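A.B. asks: Going line by line, the protein sequences match chains A and D. Going by the numbering used here, the letters in the first sequence line up with residues 6 to 169, in that order. Going by the numbering used here, the letters in the second sequence line up with residues 144 to 722, in that order.
Do not rely on the hints blindly, as some may be mistaken.
Sample of chain A residues facing chain D (criterion: CB under 8 Å; computed from the structure) [said to hold, decoys possible]:
1. M15
2. E16
3. S23
4. R24
5. Q31
6. G33
7. D37
8. Q65
9. I74
10. L169
Keep in mind the hints are simulated off the structure, nothing from the lab. Given the structure is predicted, the values throughout are model-derived calculations rather than measurements. Ideal placement from N, C-alpha and C gives every residue a C-beta, glycine not left out.
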Amino acid sequence: MKKRIISILMENEPGALSRVVGLFSQRGYNIDSLNVAPTNDLSLSRLTLTTVCDDLVTEQITKQLNKLIDVVKVLDISEGRHIEREMMLIKVKAKADQRTEVKRCSDIFRGQIVDVGTTYYTVMLDGDSAKLDGFIEALGDISVLEVVRTGVCGIARSEKSLSL
Amino acid sequence: MTEMLSGGDALIRALKDEGVELVFGYPGGAALHIYDAIFRQQDVEHILVRHEQAATHAADGYARTSGKVGTVLVTSGPGATNAVTGIATAYMDSIPMVVISGQVPSSKIGEDAFQETDMVGVSRPVVKHSFLVKDAKDIPMTIKKAYHIARTGRPGPVVVDIPKDVTNPHDKFEYSYPETIDIRSYQPVKKGHPGQIRKAMKTVLAAKRPIIYIGGGAVQSDSSDQIRKLVDELGYPVTNTLMGLGAYPGTSEKNLGMLGMHGTYESNMAMHHADVILVLGARLDDRTTNNTKKYCPDATIVHVDIDPTTISKTIQCDIPIVGPLEEVVGDMLDYLEENAQRADEKDLATWWEQCNNWREQHSIYLKPNHEPSKGEMIKPQDVLKALYKVTNGDAIVCSDVGQHQMFAAQYYHFDKPRQWINSGGLGTMGFGLPAAMGAIFADRDTPVACVTGEGSIQMCIQELSTCSQYHLPVKIINVNNQALGMVKQWQDMNYEGRYSQSLYEESLPDFIKLAEAYGHVGIKVTKFEELEEKMAECFAMTDRVVFMDIYVDPMEHVYPMHVPEGSMRDMWVSKTERI
Ligand SMILES: Cc1ncc(C[n+]2csc(CCOP(=O)(O)OP(=O)(O)O)c2C)c(N)n1
Ligand SMILES: [Mg+2]
Numbered sequence: 006m007k008k009r010i011i012s013i014l015m016e017n018e019p020g021a022l023s024r025v026v027g028l029f030s031q032r033g034y035n036i037d038s039l040n041v042a043p044t045n046d047l048s049l050s051r052l053t054l055t056t057v058c059d060d061l062v063t064e065q066i067t068k069q070l071n072k073l074i075d076v077v078k079v080l081d082i083s084e085g086r087h088i089e090r091e092m093m094l095i096k097v098k099a100k101a102d103q104r105t106e107v108k109r110c111s112d113i114f115r116g117q118i119v120d121v122g123t124t125y126y127t128v129m130l131d132g133d134s135a136k137l138d139g140f141i142e143a144l145g146d147i148s149v150l151e152v153v154r155t156g157v158c159g160i161a162r163s164e165k166s167l168s169l
Numbered sequence: 144m145t146e147m148l149s150g151g152d153a154l155i156r157a158l159k160d161e162g163v164e165l166v167f168g169y170p171g172g173a174a175l176h177i178y179d180a181i182f183r184q185q186d187v188e189h190i191l192v193r194h195e196q197a198a199t200h201a202a203d204g205y206a207r208t209s210g211k212v213g214t215v216l217v218t219s220g221p222g223a224t225n226a227v228t229g230i231a232t233a234y235m236d237s238i239p240m241v242v243i244s245g246q247v248p249s250s251k252i253g254e255d256a257f258q259e260t261d262m263v264g265v266s267r268p269v270v271k272h273s274f275l276v277k278d279a280k281d282i283p284m285t286i287k288k289a290y291h292i293a294r295t296g297r298p299g300p301v302v303v304d305i306p307k308d309v310t311n312p313h314d315k316f317e318y319s320y321p322e323t324i325d326i327r328s329y330q331p332v333k334k335g336h337p338g339q340i341r342k343a344m345k346t347v348l349a350a351k352r353p354i355i356y357i358g359g360g361a362v363q364s365d366s367s368d369q370i371r372k373l374v375d376e377l378g379y380p381v382t383n384t385l386m387g388l389g390a391y392p393g394t395s396e397k398n399l400g401m402l403g404m405h406g407t408y409e410s411n412m413a414m415h416h417a418d419v420i421l422v423l424g425a426r427l428d429d430r431t432t433n434n435t436k437k438y439c440p441d442a443t444i445v446h447v448d449i450d451p452t453t454i455s456k457t458i459q460c461d462i463p464i465v466g467p468l469e470e471v472v473g474d475m476l477d478y479l480e481e482n483a484q485r486a487d488e489k490d491l492a493t494w495w496e497q498c499n500n501w502r503e504q505h506s507i508y509l510k511p512n513h514e515p516s517k518g519e520m521i522k523p524q525d526v527l528k529a530l531y532k533v534t535n536g537d538a539i540v541c542s543d544v545g546q547h548q549m550f551a552a553q554y555y556h557f558d559k560p561r562q563w564i565n566s567g568g569l570g571t572m573g574f575g576l577p578a579a580m581g582a583i584f585a586d587r588d589t590p591v592a593c594v595t596g597e598g599s600i601q602m603c604i605q606e607l608s609t610c611s612q613y614h615l616p617v618k619i620i621n622v623n624n625q626a627l628g629m630v631k632q633w634q635d636m637n638y639e640g641r642y643s644q645s646l647y648e649e650s651l652p653d654f655i656k657l658a659e660a661y662g663h664v665g666i667k668v669t670k671f672e673e674l675e676e677k678m679a680e681c682f683a684m685t686d687r688v689v690f691m692d693i694y695v696d697p698m699e700h701v702y703p704m705h706v707p708e709g710s711m712r713d714m715w716v717s718k719t720e721r722i
């Protein structure tokens with residue numbers, strides 16, 4: 006069992022996303038995160054999803070995805086060298102001395118404080134999923150009010166590209 | 144030359160331009176513009192069924208018999224949801240079908256309007272693809288795409304949902320039907336990989352205990368002739384799945400018969416002991432494999448299929464070939480023409496000797512595994528044997544689901560593809576009669592039998608009325624064991640005979656009167672001596688619907704039967720003998 010990052014290029018059409026998501030629930034595969042947006046070619050969407058499974062299941066997942074009529078291309082980018090990024094907005098309680106603590110932590114993780122209130126800070130942070138998890142852990146006693154993560158997006162580290 | 148047409152007229156014109164001759168359907172509010180368009184033309188014939196489920200099964204039977212795409216038209220809401228069972232049935236067996244459903248007007252979608260259901264959503268897990276048409280101008284291209292997708296690659300059902308305003312007779316547009324189509328995200332494979340085919344042939348030719356395993360894909364792709372040549376050339380034993388029956392002649396010496404849960408002893412034994420299995424167009428589902436962990440321990444598996452997801456889904460494959468079966472088998476034949484090497488003659492002879500030994504031990508065709516029928520005790524197996532005899536093996540047999548279906552698969556020897564029509568994947572009771580109607584529309588010259596049980600037939604019995612309206616002379620062979628026999632068999636074998644809800648307590652209708660009420664002929668058979676004669680009488684009435692209600696032994700079981708969780712070779716061969 007391994008974390009997989011599966012990249013899907015598909016028609017930017019209504020119903021396409023529900024077919025992908027439906028496929029996962031229908032066949033009993035998990036989705037840990039999902040991220041989707043149109044590409045530079047507005048007729049296409051790029052969808053990245055992460056899941057944890059073994060090789061056999063990954064093979065079935067990619068084949069089943071490819072079989073969907075709206076799907077143009079599928080690539081398990083975790084198979085080769087790749088870049089993985091996720092963005093997180095995290096709102097934490099920050100009063101008195103907690104404020105320097107949060108600020109320090111955010112600096113260490115190269116985050117940015119993007120919103121400030123008298124009782125809270127909102128930090129924006131990006132990196133791979135492990136780094137974001139690490140930040141939350143590093144906050145220690147500081148109470149987290151809200152976490153919003155984009156889910157992973159990724160790209161292969163080579164000239165090879167997922168395009169038409 | 145272009146013409147101004149409304150969405151409704153354009154839809155029917157597009158069907159005509161696509162070559163559609165027949166539509167099975169049922170009207171309702173959201174489809175009324177379309178129905179009016181149907182009324183005003185002559186090219187596309189509409190068949191009014193009595194339930195939307197039957198429309199899909201009839202279109203399915205038509206598709207399976209003719210090889211063409213079946214077409215269905217239903218209204219929104221209940222019309223659409225009634226069609227879902229038939230869509231799922233077609234999906235599981237890879238049958239090409241286009242289902243057009245009316246939808247509430249675009250402006251009302253999402254408001255829980257009268258008879259609104261999200262048909263695209265409801266059908267999503269059981270379609271190859273679906274469309275929601277938003278603009279009348281998109282109708283021709285959508286229909287073109289729908290038929291292209293339904294028919295090509297691994298065939299399957301496609302839903303086209305059309306809101307009522309899109310078919311409005313007052314909104315006209317310039318109609319033209321696209322001549323060609325290219326869907327960039329849908330490019331079915333056209334050839335098998337040559338390197339893989341060579342590798343596969345080397346393995347197949349080096350085999351000592353080979354078997355050729357033929358599935359429903361062989362029927363769907365019309366590869367029978369090619370496969371026959373391949374078998375002739377190789378001389379290997381053949382087995383088929385329930386869906387593959389007829390793709391290779393059932394009466395051929397080379398054919399060991401059906402494999403799987405109720406497959407023949409000789410086929411299942413040959414599978415278990417094989418060293419190379421050449422799978423042609425099959426998906427190795429649980430009803431054929433038994434316990435996958437114990438599956439054919441010595442076998443190298445060469446698997447040819449148009450759909451890559453079927454390969455290594457349940458059984459790890461050694462040499463996969465993705466491609467259209469007719470092409471791949473053609474390439475295999477070319478390979479054999481160019482390469483003189485064949486399997487070792489002595490090895491093959493030894494293997495054949497072994498296979499024939501298995502036949503002698505427990506073939507149901509050499510040694511019946513049931514008591515003989517006599518007097519008032521008719522054995523269901525003998526009903527199918529009589530059917531085979533009376534029809535000379537030439538009928539199109541459309542089956543329902545249950546014991547009678549397995550007996551039909553075992554005792555009717557199908558020599559031709561598209562002669563055996565049954566719901567294998569979904570196992571849909573109620574399929575038989577409407578499918579038989581579709582088969583008759585596809586082939587008016589061949590007798591069509593609906594083999595059914597008193598349970599299954601009652602799931603779509605209303606279609607006896609459709610049979611009257613369109614003069615569809617189905618011969619209904621009701622193997623009446625006065626029980627949900629297959630359920631009862633499992634209750635006998637696994638629940639110590641506790642017949643929970645598998646009996647009807649004297650509530651069965653008088654099927655003869657029922658048939659007569661619809662204007663048909665009914666023939667009741669209770670004595671074995673009369674069986675063949677009455678069956679001959681039935682088929683002699685070529686232009687009538689005949690309902691044969693044949694009372695059979697309610698205690699009979701289907702054998703062989705796989706021992707649950709065992710390997711391919713673990714079977715009950717009769718009520719008392721387990722191998
Ligand atoms: C729609 C549907 N409901 C339930 C079943 C489960 N089932 C499989 S066989 C069977 C009994 C069929 O009875 P009958 O048609 O009389 O055939 P028999 O087995 O008696 O020959 C049932 C209930 C099914 N296959 N399809
Ligand atoms: Mg019965």
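A.B. asks: Take the shortest C-beta to C-beta distance between Q31 (chain A) and chain D; is it under 8 Å?
C.D. replies: holds, 5 Å
A.B. asks: Just to be careful: measuring from the Cβ of E16 (chain A) to every Cβ in chain D, is the smallest value less than 8 Å?
C.D. replies: Result: holds, 6 Å to nearest chain D Cβ.
A.B. asks: Quick check on the hint: Q65 (chain A) CB to chain D CB, less than 8 Å?
C.D. replies: holds, 6 Å
A.B. asks: Hold the hint about R24 (chain A) up to the distance rule: shortest CB distance to chain D must be less than 8 Å.
C.D. replies: Hint holds; R24 (chain A) Cβ to chain D Cβ min 7 Å, cut 8 Å.
A.B. asks: Measuring from the C-beta of D37 (chain A) to each C-beta in chain D, is the shortest one below 8 Å?
C.D. replies: violated, 22 Å
A.B. asks: Report holds or violated for the interface hint on G33 (chain A), using the least CB-CB distance to chain D and a cut-off of 8 Å.
C.D. replies: violated, 12 Å
A.B. asks: Close enough to count: is the Cβ of I74 (chain A) nearer than 8 Å to one in chain D?
C.D. replies: Hint holds; I74 (chain A) Cβ to chain D Cβ min 4 Å, cut 8 Å.
A.B. asks: Do the numbers back the hint for M15 (chain A), that is, is its least Cβ distance to chain D under 8 Å?
C.D. replies: Check passed: Cβ of M15 (chain A) comes within 7 Å of chain D, closer than 8 Å.
A.B. asks: Please verify that hint: L169 (chain A), Cβ, nearest Cβ of chain D, below 8 Å or not.
C.D. replies: Constraint on L169 (chain A) satisfied, holds at 7 Å.
A.B. asks: Can you verify the interface hint for S23 (chain A): is its Cβ closer than 8 Å to any Cβ in chain D?
C.D. replies: It holds, given that the least Cβ distance between S23 (chain A) and chain D is near 7 Å, below 8 Å.
The structure does not agree with the numbered hints 6, 7 stated previously, though it agrees with the rest.
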